[in-house]
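Asker: Residue numbers (my numbering), protein chains in the order written: chain A, 1 to 445; chain C, 446 to 851.
None of these hints come from the bench; they were simulated from the model. It should be emphasised that the depicted structure is a prediction, and the values quoted were computed from it without experimental measurement. Ideal Cβ positions, reconstructed from N, Cα and C, are used throughout, including at glycine. Hints may be right or wrong, so weigh each one.
[To be verified] Chain A regions said to be covered by chain C (calculated; three or more residues, Cβ under 8 Å):
id, segment
1, 135 to 146
2, 155 to 166
3, 318 to 330
4, 334 to 348
5, 385 to 398
6, 401 to 413
7, 427 to 438
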Amino acid sequence: MSAAKTESTWIAQLLRRAGFGFTPAEFKYYKSLGYEGTLHELLNPKNVDNSTLENAIADQSFDFTNPNDLRRWWLYRMSFTRRPLEEKMTLFLHGHFATSERKVRNPHAMYLQNMLFRKYALGDFHQLLLSVSKDPAMIVWLDNQHNRKGKPNENYAREVMELFTIGIGNYTEKDIKEAAKAFTGWQTRPEGFFFNKNQHDFGPKTFLGVSGELNGEDIVSILVKQPQTGRFLAHKLITFFAYDNPDKNFVERVAKAYRESKYRLGPMLQVIFSDKSFLSDRAYHAKIKSPAEFVVGSLKTLQIENLDNDLPQMMGAMGQDLFHPPSVKGWDGGEAWISSDTMMERFNFAARIVSTRMDELTTRFTPSELVHRRGLTNTLQLVNYFLDLLVDGDVSAAVKDRLLEYVSCDLDGKKVSMIEDDRTLDAKLRGLVHLIMTLPTYQLT
Amino acid sequence: MTVSRRKFIHGGLSMLGLMLSAEELFKLSAQAAGSASQRQLVLIQLSGGNDGLNTVIPFGTGAYYDARPQIAVPQNDVLKLNDAVGLHPQMTGMQELFNAGNLAIVEGAGYTSPNRSHFRSIEIWQTGEPDKIGDTGWLGRYLDLASGDKEHKALPAVNVDPMLPKTLFARKIVVPSVNNIYEFRFRTDPHFRKDRDTQIEAFSDIYKDFDSKRPHADFLRKAGLEANHASDYLLKIVKSYKSTVKYPAGRLGDGLKFIAQMITGGVTAPVFTVSLDGFDTHANQQRSQAGLLKQLSDSLLAFQNDLKAHSLDDQVITLVFSEFGRRVQENSGKGTDHGTAEPLFIVGSAVKGGIYGEFPSLTALDNGDLKHTIDFRTVYATVLERWLGADSVQVLGKRFEILPIL
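For reference, chain A alone in the conformation it holds in the complex (with noise of 0.2 Å):
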């Protein structure tokens, strides 16, 4: 099943990668604008109107001073936004500028960052590195409001580089001693950001080797136009939308977006998404599920539109608390998400979304209604249809026959040839489903 790649497969893929995956009836709209025209409807968010997600919003009323509110807030985005890659690109930009509640204690900042992001998601990141220096939150995070003339607090001018920008090694001590006291004075007040001057160090410094009277506009300024500031940001890019490990020379492209578009992010995964390595071997399959992708994807995939509000708890047990990143860092990703515990969470994730212990007051996943409408007869076609649902029938012989197998068998464990009703169907179906879920496979994206 999985020999032939066609258009299908790789639009398949960039909604995976580019978004959230997609439900049936997404991926035929998707499908009946091609490729590009999916990815440049991606590339152009503000062209697509987004006004029921907005509206359905709305009328949920979140409490964005509640933090469990707060996230499933953005579950809800995710799950249900037109605008995928823009989506994708705030979680990205939230792993990248890694900003928690923790410590912050202050949701509504923590929402106020986040539109943030979602509005330079594919725009200029000079504009958003600036922006992002004088968000309340970040000052809050990197501790700047204790940063005063004199007395300098050191953490957001190391991670201002180190994190954000250039990356270790490509700034001494001394830099990070000059770049603290330009921000000296940024500070946050309850109605937003204040420049206090009384704080502001106004003396002369020296930045990466530049000389003068440096605030902290210059120190963004400078920053963004290193060079090393474009092949930092392509590499990061890359390896979470695309593959693990690039070469050199797909690195220098992005970065070469970069510079040429004077600092877009939204050239730069034009970039990364019209690449021949991406459409290839390369990258099918090739990057580990993050829990925001294993479990929206899952959601989408099955058509499950209640989000039960301990979702976020789930998906945190399984090593992405959204709006808690471990660190400074962010996610690592990559094998990182993965260890024995957080498998078993995944695992236990799938179980639940589709036993029916959960559906008892809604009607949640009930596969037989599917298969009477798709009209599936015998047992290969069922599980024929749910690999190519879940992994795009990307498996061995050997795991379809065991599965099979499983299918073949009635709750009692004894084979049987036929199943005949709906309740044993059902328990049956899930089980399918399960398990395929718990797939090695199922984890990849």
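Dock chain C against the given chain A, drawing on the hints supplied.
Answerer: Just chain C now, kept in the frame of chain A:
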């Protein structure tokens, strides 16, 4: 970092050929427990960079109070260990351990050309390699060495955090991570209990022979298989545990309790790791650090008492470290920035309690930071040689002084 980890874990697996399941490893490990007592090491990482100067406090030095007009601990509040230094007032548990002779403190631990990045410095402490970016952890290398050429017949270690620290990255051995034992079991649809066995059988069959050329597929297969095998066995062990000791609430208390459950249940793995986060106190550090130090101190005391009650205190020691200490001079936000040298703690009945090493000068500073007085690997070497019976030169690449702590 993830690159090398993958490479080595994969390399390790292919070298082994047939791996024993985690369940079998736990069982074998428990069987071996019978006679000879097995020495075990618990490693606690304090993440974020603990402010050592407000932990082991030089209350007899004026320069300490000069540098920290807002956040210094008043002399009268310090839990004095001698006439020069004492513990933070929240650390009554560790004071008790010190007075009982079960706590050793090594002053001024660090390394040359200290790195003040959290991530690089954590890596240096975890790998024991300040001069280059190492691929394996210091305990990973020890465990590789201890496993020898023979097939693996014992569980090497258990990490009690969601993610494996680089400390345990290795070429041959593979370590399971178990965060919350009560959540750590394979669930199925509760309405169809009889189908559970059929389903688990299918899962095991598929995982046993799962074959795919996709990158990461074998890594995922191994993690999933290990998760399932380890959970049954660990749940049994936890059920059989009895103790009257009460651990403080919080991550570290839970973690150390789980380690005590494993040790008393017969798991003889030589190494356990656990961490406590939140020490990056750039602002308003007094309250947050006090809470963390209390948690550390109370948890260590509970753990030691629990082991004592099970007569296992002679076979376990605990080493506590952080990625760096903090700047001597407080900052204007009642906090401290990233610094260098720090005190290390070693707890256990086998430990010769006391204060080791030399307290770094508070006036002869390097760019506002303490100059370390002892290489942190001296402590690693001591633990390796005197406790784990290993050749420290093979693990650390060169010879370090051995301290008379053990």
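Asker: All the hints need checking, so say for each whether the structure fits it.
Answerer: Taking the hints in turn, this is what the structure says about them:
1. 135 to 146: With 4 residues closer than 8 Å to chain C, the segment 135 to 146 of chain A meets the three-residue bar; holds.
2. 155 to 166: holds (count 3)
3. 318 to 330: It holds, with 5 qualifying residues against the three required.
4. 334 to 348: holds (count 13)
5. 385 to 398: The restraint on the segment 385 to 398 of chain A holds, since 4 of its residues have a Cβ under 8 Å from chain C and three suffice.
6. 401 to 413: holds (count 8)
7. 427 to 438: holds (count 7)
Checked against the numbered hints above, the structure violates none of them.
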